[in-house]
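2 protein chains.
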Amino acid sequence: MPSVRLTSGEVIPVPQGSSLLEALHGAGVFLTAACGGAGTCGKCRVRVLSGEVSPPTPAERLHLAGEVADGLRLACQIAPLTETVELEIPRTSRAPEMRILEGGAPRSVPFLPNVKHRPFLWKRPGLKTPGSVFDQICRAIQARTDLKPDRAVLGVLAGGLEPEREYQATMVGDRLVAVEPVGPARRWLGAAVDVGTTTVVVQLLDLETGKRLATASAPNAQSRYGANVVTRIERALSDPEGLFQLQRSVRETVGRLIRQAAAEAGASPEEVYEVVLVGNTAMLHLYAGVSPRTLGEMPYLPAFRELPPLSAEESGLPIHPRGQAVLLPIVAGYVGADAVGAMLAAGFDEPFEGVRILADIGTNCEIVLQRGEEILVCSTPAGPAFEGGELSTGMAAGPGAVERVRLGEKVQVRTIGGAPPQGICGSGAIDLVAELVRLGIVDLSGRFQPRESLQGVLPEAVLSGLHDRPEPAFWIARRQDGRPVGLTQKDVRELQLAKAAVRVGVEMLLESLELRAEQVDQLLIAGAFGNYLSRENAVRIGMFPKIPLERIRYIGNAAIVGAQLALISTEMRQRAQQLARRAEHLQIATHPEFQMRFAEAMFFGDAVF
Amino acid sequence: MPSVRLTSGEVIPVPQGSSLLEALHGAGVFLTAACGGAGTCGKCRVRVLSGEVSPPTPAERLHLAGEVADGLRLACQIAPLTETVELEIPRTSRAPEMRILEGGAPRSVPFLPNVKHRPFLWKRPGLKTPGSVFDQICRAIQARTDLKPDRAVLGVLAGGLEPEREYQATMVGDRLVAVEPVGPARRWLGAAVDVGTTTVVVQLLDLETGKRLATASAPNAQSRYGANVVTRIERALSDPEGLFQLQRSVRETVGRLIRQAAAEAGASPEEVYEVVLVGNTAMLHLYAGVSPRTLGEMPYLPAFRELPPLSAEESGLPIHPRGQAVLLPIVAGYVGADAVGAMLAAGFDEPFEGVRILADIGTNCEIVLQRGEEILVCSTPAGPAFEGGELSTGMAAGPGAVERVRLGEKVQVRTIGGAPPQGICGSGAIDLVAELVRLGIVDLSGRFQPRESLQGVLPEAVLSGLHDRPEPAFWIARRQDGRPVGLTQKDVRELQLAKAAVRVGVEMLLESLELRAEQVDQLLIAGAFGNYLSRENAVRIGMFPKIPLERIRYIGNAAIVGAQLALISTEMRQRAQQLARRAEHLQIATHPEFQMRFAEAMFFGDAVF
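Chains as they are written, first to last, in the numbering used here: chain A, 1301 to 1909; chain B, 1301 to 1909.
The shape of chain A in the complex, shown without the other chains (with noise of 0.2 Å):
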């Protein structure tokens, strides 16, 4: 294969049929390129300092003009001719890396935001000048060749500029959306949206820098119709005002927190010229106002997988007016753009070596399992018990939620935040849980035991936890009102079929390629876990096969990682697309197997201590 030697040593292959750039950008050097090599916007110069590279095209005639005959090319129109091709690369050509500082699966990306701005001064045209007012200012700018003028600012350039005066051009992808005179506080910002069935979550970034600015969630108003997706479902398909209601609701929602988020940054909803948004497949059909009736019935196809950017009007959300919304891509029913962007804040975009699992845990949890190129996922109903839902005393990971707990001397507690008790989240009632069948307190099939039975047994300030009526619990906590807060039998229950969810569909992805749990080198664990997640206690309760522990991170909210990459990235943005279309989705709910071994994983039958 024919490979480019860059002047730091690096030797990188180019496989056929890939341009130069594809190769690059595949080996993780990344050049700016914001037209995605389509030779139009002329960014992507390199300079071939010895070797054959294919003959020049138009888009470098045009773009280079004779800057060819000093070896400078588009690296995006070229392919090596020779076996090695000594390169220099510009390091104006080189797009600056960015990292975003969340979770524990941070990146270094690429900054190549859709959304740009430059200055340019308005001459007063004169009897040469060609083209028009438009033709003009993309000269100004050096805009990409395939720019297009939307028809608002069109009204402002026809309306009339005043020559000799400073403005700037803003532009959304490929399209010009505004030129305004400069100002002193003029701010280009985007939003990351993670649309949770439960809550949403949007964080504004400055898209110059690339730098967060401000967080904001709150409970999706859908919820009012209904607390899981499918009896959200059932709302859109029963009532003919349903599936309009359920989009009103989680836009007010997802613009209500752009505002939050705005206000606090000190900036105006309209500085925000792009939004990215991901979440459920159901989720992403009700906010683009799309009937979910085929995620309601077998094969539980979703309509689409990828859309068009919405316009600001379209997406109902109070942006700038000429800015869009662009929906991260869909893989099937039941994994949607919010796994697809954990694979890409968990870097499942680059060829690994070896096997490794993503598990994003949430009511519905995605399991992803690379080996090498390969990408299969599976969606698996653990319900909300993990995010604190259904739960008798259960609440979100947030302020006053007990995240860990240890059961020694007495019962140890600890809250998010340090606040007092409100409620228990996933991360502490699987501690719980864990602990509770270390002890013995619950018994490998999940039952409590009579008090009886473990009196002298354990300290008594661990005993007195533990309540027969109304129904057998533990309390670890009360709350400033006095009400307790811990699991009670039913919430094993809940735990134990969330857990089994999540295993069979582990197992069942391993088994499809003939694999062992051993060969495993990598678990990412991903979820609405808050800050802290018993990665021991997660394989003690059987949620995981046995995986040794350092081969076991906890990453973090990835889906809304990955929809931050993509906002301040359009390479990740097209690869998060080629993930969506290359992962092979494995249906296991449907597996005549799956009832069986979903009743074995109920079981804490193989929990070790």
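Note that these hints are calculated values from the structure, not bench results.
A hint or two may mislead.
Listed next, the in silico DSS-like pairs over lysine-lysine satisfying Cα-Cα at most 27 Å (straight line) [claimed, not checked]: (1) B:LYS1448 x A:LYS1448; (2) A:LYS1416 x B:LYS1448; (3) A:LYS1343 x A:LYS1448; (4) B:LYS1710 x B:LYS1790; (5) B:LYS1343 x B:LYS1448; (6) A:LYS1448 x B:LYS1710; (7) A:LYS1448 x A:LYS1423; (8) B:LYS1448 x B:LYS1423; (9) A:LYS1448 x A:LYS1416.
Guided by the hints, dock chain B onto chain A, whose structure is given.
What follows is chain B alone, placed relative to chain A:
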């Protein structure tokens, strides 16, 4: 230069940096390539019989799979690596040829409409069906890989299709716009529209066959806000509601004509999926609702030259709600899409061996000079005389208009359709003024001679047409209401101004390339003269320099022919864009010699009889 040899024996050179598809199209060998060479439609299949071409690209691996081994390739993806490559073009890859039978410039173009439809059988998705409902339809209709779902269509898909039923998918470019049960009476129509300052013409075409179904025309309702471009620009700028009123009224005219043409064809306007509009620069700005301010002041720059397609809603037309309206591109402030349409109709997108001129004669007259691949264009203000406007008894070329005049032993006239005379149109006026000069009734400076000086020289039957009061005039007929039809002294002056404008434009273009009139191999005259224009008299009155008559052709209303070509062929649409971009615009009205040359050209001094 490398070349390909077809099985027909034809040898076609492939310029550096061109794909095979581009080279074939450049040589007039048209392949089906719905995506325009992006590698997404997979239609431009060719078989390489001998020689080497560039290695398979990802697009080819996707579309051809194993067939690459049989030598099958996509012409848009390959370039020759050896000096000669032998190629077979399967019949299924060839675009059918289509001819617009209209005017004097019928040309064959590849039939590649942007609107397509395909039937498919909907099968109930199975457990292993990958992707989405949309993806399943894409597979069933073998859609181009970049097909995007329209959100309204997603609503239909998600609402549920009946298994084992036949549906029709309709696509406009890369958008899936409709999925409906196969019905007997469904049609796929398009409209070509010439938005003239005075008159709007709509032609309805069947996009399955390329045949014209109906034509409708009417005065542009904008006329109530001003008779010409200048007064309408003033209106748009002076009245805050002006732009909106002008936009609304022209849309109303076009919309009414589309309804009328559809009714004539027994169709519904909602069966119109695409509209291609030509018109002068000001008309297209007003149509799109873009202020024409910069057109009204030096250097008369348009705000835009190209505009993304307008959605049905943005277009304000009663077409299919997910159809679109495409504006052909503009060259300059006074060289509009009508001129580009005329260039397309006359074949100026193909290189010409020699020198030729196209004069599109209207109130604003565009003159195009082609030498080889070089294209130079200017505009010149001919005024409305040649369209019958501002002549005392003038009328547009329609039933009852005097279109031919001969002054022999007596006055001989012919009217359009043989109807009783109603007025005189451009071709009749040119004939009459030429005859008046030939007989000395009007002298070389354009002045009517006193009756006394002509008596005895001319037959009385001719002389009886000459009148002195209220101003000198020559009447050639009387309307049924008794009012005369002919030319007054003032009319002759208008015609002098008009012919001088055309003449100066032609001469200044020739001079800019240091060419003489004798070197012109072809002179094509386009315009709304109706069926007939006397080339002889056009030269006699000095509208054109002396060019042998056999080199002159009248090609009718070429602008709308160009719109039709762009409607039935995406290849022609691309060529229109290239034409508009590479045509060099020469400002002649601001040339220091213009006024003097114009005054000189007013004389009939070089008229030869």
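Here is how each hint holds up against the structure:
no.	hint	result
1	B:LYS1448 x A:LYS1448	19 Å, holds
2	A:LYS1416 x B:LYS1448	25 Å, holds
3	A:LYS1343 x A:LYS1448	18 Å, holds
4	B:LYS1710 x B:LYS1790	24 Å, holds
5	B:LYS1343 x B:LYS1448	18 Å, holds
6	A:LYS1448 x B:LYS1710	61 Å, violated
7	A:LYS1448 x A:LYS1423	21 Å, holds
8	B:LYS1448 x B:LYS1423	21 Å, holds
9	A:LYS1448 x A:LYS1416	14 Å, holds
In this structure, the one hint that does not hold is number 6.
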